[in-house]
Amino acid sequence: MRTYIRLIFTTLTLWLAASSSLSAAEPRATLVEAMLADNDARKIELITSLAGEVDESIKPLLIAWREDGLYLYEPSGATPVPVQLTGEKDADDARAAVRVDTGAPLVDAEGKPVHLVAGDLNAVEHTSMLRRAMKGVLDLIDIGSPDAKKRLQAIQTIGFAQETDKIPAFQKRLAIEENSKVRRALREAIAVTQLKDPSDAVKLAAVKELKELHSLSSYDLIRTAMREADAAKSTELATEAKAALVAIDNHKSNINFFGTLFRGLSLGSILLIVAIGLAITFGLMGVINMAHGEMIAIGAYTTYLVENIFGAGITIPFFGFSLAIPGMNTTGAFYQTYFLFALPLSFLTAAVVGIGLERSIIRFLYRRPLESLLATWGVSLLLQQGLKLMFGSNNVQVSSPSYLSGNWTVNDIIFGWNRVFVIGFAGLIVFGVWLILTKTPLGLLIRSVMQNRGMASCMGVRTERVNMLTFGLGSGLAGLAGAFISQIGNVGPSLGQNYIVDCFMTVVVGGVGNLAGTIYSALGIGLVDQSLQQILLNPVLGKILVLVAIILFLQWRPSGLFVTRSRNLDD
Amino acid sequence: MPSLSTRHKIELIAVGVIALFFIVIFPLLNAHGMVSNFTINLWGKYLCYALLAISVDLLWGYTGLLSLGQALFFSLGGYMMGMYLMRMIGELGQYKKPIPDFLVFLGWTDLPKFWVPFSSFPFAAAMILLLPGLLALVFGFLAFRSRVKGVYFSILTQALTYGASLMFFRNDMLMGGNNGFTDFKFILGYDLRDAVTQRGLFIATAVVLLIVYVGLRVLSYTKFGLVQKAIRDGENRVLFSGYATAHFKLFIFLIAALIASIGGALYVPQVGIINPSEMTPDKSLEAVVWCAVGGRATLIGPIIGAIGVNSLKSWASRAAPDYWLVILGGMFVIVVLLLPGGIVSIPARLKALWQRFNKKPAEPEPPKPAAPPQEPNVTPASTPSL
Chain A
116 MRTYIRLIFT TLTLWLAASS SLSAAEPRAT LVEAMLADND ARKIELITSL AGEVDESIKP
176 LLIAWREDGL YLYEPSGATP VPVQLTGEKD ADDARAAVRV DTGAPLVDAE GKPVHLVAGD
236 LNAVEHTSML RRAMKGVLDL IDIGSPDAKK RLQAIQTIGF AQETDKIPAF QKRLAIEENS
296 KVRRALREAI AVTQLKDPSD AVKLAAVKEL KELHSLSSYD LIRTAMREAD AAKSTELATE
356 AKAALVAIDN HKSNINFFGT LFRGLSLGSI LLIVAIGLAI TFGLMGVINM AHGEMIAIGA
416 YTTYLVENIF GAGITIPFFG FSLAIPGMNT TGAFYQTYFL FALPLSFLTA AVVGIGLERS
476 IIRFLYRRPL ESLLATWGVS LLLQQGLKLM FGSNNVQVSS PSYLSGNWTV NDIIFGWNRV
536 FVIGFAGLIV FGVWLILTKT PLGLLIRSVM QNRGMASCMG VRTERVNMLT FGLGSGLAGL
596 AGAFISQIGN VGPSLGQNYI VDCFMTVVVG GVGNLAGTIY SALGIGLVDQ SLQQILLNPV
656 LGKILVLVAI ILFLQWRPSG LFVTRSRNLD D
Chain B
1179 MPSLSTRHKI ELIAVGVIAL FFIVIFPLLN AHGMVSNFTI NLWGKYLCYA LLAISVDLLW
1239 GYTGLLSLGQ ALFFSLGGYM MGMYLMRMIG ELGQYKKPIP DFLVFLGWTD LPKFWVPFSS
1299 FPFAAAMILL LPGLLALVFG FLAFRSRVKG VYFSILTQAL TYGASLMFFR NDMLMGGNNG
1359 FTDFKFILGY DLRDAVTQRG LFIATAVVLL IVYVGLRVLS YTKFGLVQKA IRDGENRVLF
1419 SGYATAHFKL FIFLIAALIA SIGGALYVPQ VGIINPSEMT PDKSLEAVVW CAVGGRATLI
1479 GPIIGAIGVN SLKSWASRAA PDYWLVILGG MFVIVVLLLP GGIVSIPARL KALWQRFNKK
1539 PAEPEPPKPA APPQEPNVTP ASTPSL
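Chain order of the listed sequences is A and B. Numbered per the working numbering, the first sequence spans residues 116 to 686. Numbered per the working numbering, the second sequence spans residues 1179 to 1564.
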């Protein structure tokens, strides 16, 4: 093994020195030369020189060689030609032959393709040493892949195998690599591999490098190195390794901190999006709408429908009938714009259902909040069952458009696009609601009716209509929330039930009748929930503790964070 | 106690007759094979639900506190009884081990400490009262001290139930997790699958219901009962008259929790299963439906509601399983909008209609369905029909 490594090492060094001349040669020609070379050392040298080659065809050829898939075609007298047999066997068991050196079909003197029988030919030979060299090259071939993701993966896999002989290949790649992520991975891979180096000085440098890189994945390897150094009494190295571990730990807790912050913020944004509609219907109007959750579900199902209409269409078993909606069969980028159409449609659908609900039931219950709670709970059951009958009781899948999937990694902190989007969208919704309430005539009417219904009515405001529109706005916002939730979770008939308790909690904690309070409480609850989960490592317990915390919080501020001051005892 | 009016005498006689029927005649008919075991078991379940509905009514109808957490107390009582019943299975479980099956499944070899005393029925019976009582005291104290009321009280109790159900769904609660407790064999040495035992449980439930009914009826005549109704109709005025309303409410909340808990404890051996889905907010809301449908602020209303709605449910879940929720939801909307007094108020409405019809035969105007406008601080809409 040692000799072999040394051999590879020297050949690699040689090859590095001669790389300019060698790499100029055609990789296929190099391969053929290796096959025909008369001694193993030369063969290994030639094979190794292929490492990091960009040519994609080398990989299958090398694999074929290793597996006895390459043959020597030896027409009498002429130099043998390595060939690969491809295609289907014909009647004589013969297959079409392809020249290894050019990749073109093998032709005879008259230019006709030659068909050969595998049994008549000699396979290209390979010894165990050659196979090892080939494996080394095969391992390294992806490092030169034009696809950065593939490169990154190959570098990480090879780096953490800690094979010292791979270092020169890494270094060569590092010299020409331009992608910053891959550069970082290369440095990490080199340093990790150097941890196996016999010399303490090299190890020390490697540890320092890893410390600088805050390499999370090398944590265990550094710890192993530290133990070894402790055992070998090399104090300096052990201290440095310990320092590196501390640095990585710090980095880790930083990542956790910012990760938690980010997740808390995005959870808070989800809460905000689902609760802001409720903040309007409950907070401003004083109507306890237990069917708010179903408005969210309606929004989510609207998104599902729009997605299907953009796709292949959908058949809905509509209370015994079957309603076939044809699809537009769009694909690609246009298909993915479905979400942009789904957003306003979810808003409209939920708003229309909300207005219907307001006209038929809620308007009779404005002065009886507890009864509005009960009646709307009945409505929520009706809507749930309706959705079940229309879409089935199983969850349906809504595929996220490509611009919402994927993520963005900064300093090892992963920012999922959909979460970033949720945060941004929550901001937009809040801004939109603020605009509507403060800058439009409708907002003025809403505020006046909510503050003093009788007075507004006397001034000629049509309070009935304002109620209807306000309720429609609140429901529509729930529909928007549903469109969003369809992107991050399951869509099912009981979707709303999962959010309704959270929604009410958010609004109550924020202080009823106060939109700003809802924003603060949503973000606060989101952050507390995620922090508790981080500490307890248990999502359910975290949720329960949040509920307990909310109950205790209401001891301190019975009317929530922000109270609308009033002299009325019953407020 | 003031002298009874004719109406109350009629009610008293009616209740006596019904109680006699349930406690004596119904079980006798069962013993002679004229009523099936299935029926008596089913009615036992209804009566347990009636206890739950009465506890909701005591809070909502009489005190104006809509608690959406009564199912929590109901299932806590059930769980306490369930723990005793689990211990009584002994080594007859699937795994033939001295500890309950789900613990074997979770990899336990010994009984967790808090399970040990539940082998004793008196301890379990004490816990049926103590645990829900303690929870009601703590939660009630926190809620009433900070003057949480109206809708906020409902939302908080809903959150409490929600949190508890999340907790009980977890396996490491060591309370059976998702599946809860089932496969009971014996209670107090009697075989639970035996018709005689089931009959005994039915009689016990009917007796408890009668006691609760009479007790609450007496309570409603006392000064305490008057203060209770005064709190419902105008809490601030009661407060300013010098009554510590928080204490009253706390005491009522406690009694309601105990009634619900006893109902749950009687429910579990008759139904044979208890799991966390019994304590979700939905179940509490269902109990509110029974109460509303039957007629709130009456004592007989919740009982009628619980039995009526659950009979309907038994029928509908066989005849039209897909539409049960539609029926329940629709019923609720209709009751709230058109019949705020519930079934119990129908005779009075018919009477009023008849009188109006006789007075003005020229224009027989149908009764206005929506409730009349109320003063905003009066929480329950319907005036109690007592």
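If you're looking for bench data, these hints aren't it; they were derived computationally from the structure. This structure is a prediction, so every number in the text was calculated from the model and none was measured. Please note that a few of the clues may not be correct.
Subject to a maximum C-alpha distance of 27 Å in a straight line, what follows is the list of computed BS3-like cross-link-like pairs (lysine-lysine) [claimed, not checked]:
#	chain 1	residue 1	chain 2	residue 2
1	A	K658	B	K1529
2	A	K503	B	K1529
3	B	K1187	B	K1327
4	A	K503	B	K1491
5	B	K1327	A	K658
6	A	K554	A	K503
7	B	K1187	B	K1491
8	A	K227	A	K311
9	A	K204	A	K265
Label-pair restraints from in silico Cβ distances [what the hints assert, rightly or not]:
#	chain 1	residue 1	chain 2	residue 2	range
10	B	V1202	A	V663	43 to 51 Å
11	A	Q670	B	V1202	45 to 53 Å
12	A	N509	B	V1316	50 to 58 Å
We put the CB at the ideal spot given by N, CA and C, even for glycine.
Those earlier numbered hints the structure runs against, lowest number first: The structure conflicts with hints 1, 2, 3, 6, 7, 8, 9, 12, although it agrees with all the remaining ones.
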